[in-house]
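Since the structure of chain A is provided, determine the placement of chain B on it from the hints.
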Amino acid sequence: MKYEQINKVKEMLEQDIKSIFDIKELNDLKVKYLGKKGLISELNQLIRDIPNEDRKDFGQAVNEVRSFFNDFYDTKKQQFEEETLNKKLESEAIDISLPAAKVTQGAPSILEKLIEEVEEVCMAMGYDVVDGPEIEEDKYNFEMLNIPKGHPARDAQDTFYVEGEELLLRSQTSPVQVRTMLEGKGVTPIRMICPGKTYRRDDDDATHSHQFMQIEGLLVDKNISLSDLKGTIDIIVKKLFGEDIETRFRPSYYQFTEPSVEVDISCFNCKGKGCSICKKTGWITVAGAGVVHPNVLRMSGYDPKEWSGFAFGFGAERLAMLKYDINDLRVFYNTDLRESKIFDREESL
Amino acid sequence: MISLEWVKDYVNIEDQDPQELAVKITKAGINVESVISHNIDNLVIGEIVKCVDHPDSDHLHICSVNIGTDGLQQIVCGAPNVREGLKVIVALPGAILPGNFEIKTSKIRGIESNGMICALFELGVEEETEENYAKGIHELDDNAPIGQNPLRYLGYEDTLYELDVHKHRNNDCYYHIGFAYEIAAILNRKVTLPEANYNEIEDSINNHFNLKVDTEKCPFYLAKMVTDVKIGESPEFIKRRLISAGMRPINNVVDISNYVMLEYGQPLHFFDKDKLGNNILVRNAKENEEIITLDGKCRHLKANDIVITDGKKAVCIAGIMGGENTEVDNNTKTILIESAIFDAVNIRNTASRLDLKSEASIRYGKGLNYEYTKLAIDRACYLLEKYADAKILSDMVTYDNIDKAAKVVKFTPDDVNKILGIKISADDMKIELARLDFDYKLKDDLFEVTIPSRRLDIDPNVNDIAEEIGRLYGYHNLVSTLPRVPIRRGQYIGDVKYRKKISKRLRSLGLNEVKTYTLVSKELTKDFSFNNKENILLPNPMSSDKAYVRTSIIPSLLNVYNYNKKRKVNDILIYEISKTYDNNFKEESLISGLLSGTYIGNEWATSVKVDFYLVKGIIENLLNYIGFKNRYSFEIGDNNSLHPGISAKILLDREPIGYLGRIHPKISKDEIYVFELSLNELMRKIKPLKFKPASIYPGIKKDMAFIVSKDITAGEIMETIKKNGGRLLESISVFDLYMGDKVNNNEKSIAFSLYFEDPNKTLSDDEVMVIFNKIIEKVTTSYNAKLRDN
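Residue numbers (our numbering), protein chains in the order written: chain A, 1 to 349; chain B, 1 to 790.
Keep in mind the hints are simulated off the structure, nothing from the lab. Nothing here was measured: the structure is a model prediction, and the numbers come from that model. Heads up, some of the hints might be wrong.
With a cut-off of at most 25 angstroms between alpha-carbon atoms, the simulated DMTMM-like pairs for lysine to aspartate or glutamate come out as follows [as the list claims (entries may be wrong)]: (1) B/Lys27 with A/Asp344; (2) A/Lys102 with B/Glu635; (3) A/Lys2 with A/Glu42; (4) A/Lys149 with B/Glu287; (5) B/Lys568 with A/Glu339; (6) B/Lys312 with B/Asp427; (7) B/Lys504 with A/Glu83; (8) B/Lys407 with A/Glu306; (9) B/Lys407 with B/Asp427; (10) B/Lys522 with A/Glu165; (11) B/Lys565 with A/Glu306; (12) B/Lys497 with A/Glu116; (13) A/Lys2 with A/Asp54; (14) B/Lys27 with A/Asp244; (15) A/Lys271 with A/Glu243; (16) B/Lys710 with B/Glu635; (17) B/Lys504 with A/Glu117; (18) B/Lys357 with A/Asp202; (19) A/Lys305 with B/Asp444; (20) B/Lys501 with A/Glu346; (21) B/Lys586 with A/Glu137.
The shape of chain A in the complex, shown without the other chains:
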């Protein structure tokens, strides 16, 4: 008879669970069956009236109903929670196609980017990066570079004088080399580059600027040759324009180097076939260079019998114009930020 009651509760439960559709109904059901006066709880009360030897069986029978309920409850609860979560997630969905937030990251100037690339390769070869004054003494800008007063080489570098004939806006970065040599006192080997601003009296247009940047380098050591210069330049231009670039030297003339050369690279655009960038020659001039003139060494305290070296100079604007296909030099000094932003990225990794 007592078992009948268990069966009754069980039947009722089986009936009830068919109409549970949300968490509230589920919890109400729990109260109905497992609450203090719940139907299953009440079945437990009946155990007192069961003879001892039957109690175990009876208890087991009630527990079966209880387990049945609990299994149902847990499953259903998990199901309802999942449904709720899914609804919430659905409601939280966004339009991922909307524009992103602007994340702050500034770009280097185009020239700076170019210069940093040269610095990177030169520093790896042991060159320090040095700078010097932009208002410079005639002595360092000209005289100690083997360009005495009245020399025609001065005419080509039409200079901004700042006071008298002694102070000027440097027309080249070479005075930094002189200063570095003087610091070396004729005993320290030198490896340095000195990228920096320079000034000449040119009217600004697409290909001229009264202010421009040079990247000059100097090496002073023992037994340094023109061939060593060629190997060094090779490495720099390959870094800038690609591993397949070839270097060619042509005789040239500068006061502070002897022999002097002009450096051509094979055209990176047409690979030597001839195009508008290389003016159909297959070659592009990118630098001036040479073996340091013995007078320059001597004036800066290095005995040319013992020491020798080479120097090279690139125009930063020219390199950048070639490398990034820019045809107006003014771009570098009239910054349009939309153009700058392009250069906030790696060249290649």
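Coordinates of chain B only, in the frame set by chain A:
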């Protein structure tokens, strides 16, 4: 401009293709910029066998032209001098005339025309002048062979090299004999100098003429006298060659002086001896001395200029231009030929001051070879005798104070090899030196080389010899090697290191680097002067917009702002690090920034706009990054160019190092924030970077809010809190600022959040309350503040 036909007089290049030769010359160091050929295909000599008027034109004619094997061609021609029987130059279809003008078969007013009858200027061998235009088509002589190449017949078949020569070689490579030596070295051939033997009459120049040189700026002066000169037209070859060199033929005498200059590089001056008188005195000009030059202009001289005088008045500005008063004219009978050397720097200075760059002054300005001074005067006498029937007086008047010491270099083959990084033997070097026409002795592996005087560019040191040998050896034959030097890693030195690091940091904080001009206009020097610096005004500026050296970068950044704004770029975050100079020439590197618009975020959602506190945060970030945490502070600013209420001074170790703030509305109405600080001031010692473990014990957070008078700054209160918080006070932040109804008009409420922490133990509330109450008491008494209690 170098004529190859002309060069052939001195060195054999008949076997050379002009294009290939140009490449060889360029490789050896003289840049042949362009090769201009006067050869035009499809040009023939023709004879007009019939010439009738064009039915539809008042000036055109229809010609039937016999061009030889290709028979008769119908050509329409509009020249006034076209007529039957004339031998003419015919450009047939396919001919490409200068200016890339291609001749094609066409119809001219309905009549077919199979070519064009040409004038010389249309072929590029004569200048296109009105005079030449008026002459019409070129009339060939009756002997001209029909069907042949007319340019060859006329001797115009030439190739010109336009050179772009580096300064050091632009004396010897700008005259034909010098260039011939260069070609001879490249091709390993010999140069033959031109004929210069002439007859002299008995009468000596010394009977007619005295020379005195009274300036050290004229070390060498030679004069010859010729008489019975017949002025007339020059022979064809001289005219042709002058034209190819870009000079206009005038008469035989003037042309000869120019011709010799183009041969030897030595300018000659011809005086009309009868106008000149019996004396020449070379001296420095008197201050403001006047002379009317050949171009009819009156020139005022200075004491540094050199003049040729007749003993009293100036007759020529030495090396630059002759005077009208002694000019050779059509009646000239007797000529004094001057061949001299003047101080090159002097000539350059005078020519540039007078803005008088003549063929002569350019050459004098580059320096001359004294050996050719003599050869040129002899050559001129030879040509005058031959082409102007001149009689040459014997003897030469000479002033000779020139240094004739030959430049000698001693070196071993190894010296040269070391410089170039090559290995060539002494025997091979001998060959190279011979090609260069350098005299040498070789004894015990030691060369002793004498440099010819025409090579003014070569200094007596081994590097110069290495260059000469190297360029003939061929730089393209050099192998790339690397210097054998110890391995090391290069570094950024001194302020460069700071510039680089700060630059990278500012970029990571969202600012874009710009580069602007150091030289600015007066307008741009007005604002943003820091520490009352005065600008340098250039003594001789190019233009007013580049007259001053800037002391602040901010005006330039404002230019960039305006430039971008005009282009509808609105979020402008920029910086520049640059050197500046004040009028004591003191250098200071400045770090300057300009920020406006949105800093971070999104137009359609939330975004952070640039304001004062954002810029302040960027500066703090930067200073902390460098290692100055707790060493900097901000004070109310006093820069006139900034908003007086929204600006601050930046102090490091209590010294001002820069400023920040909003740009004063009188300068720009836009909301723009700027900062500028001295990079040099940031180059200070910092504490070494060290790890500090974070406390593992819980701390206690306490909030407090005060109502204070509006003029009390949050900074002051925080200072007081910090001072009284002791070592347990880990951090302070402001979490609320209120002004409004709930406080009095002249008051504000500021709420602070304090965090206390002990690295060694868990803090007790009691401990904190003691400090907390002490802080409250100090703040309330110091600032007359009320504690807000809710």
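Which hints from the list above does the structure break, by number from lowest to highest?
-> Numbers 1, 2, 6, 7, 11, in rising order.
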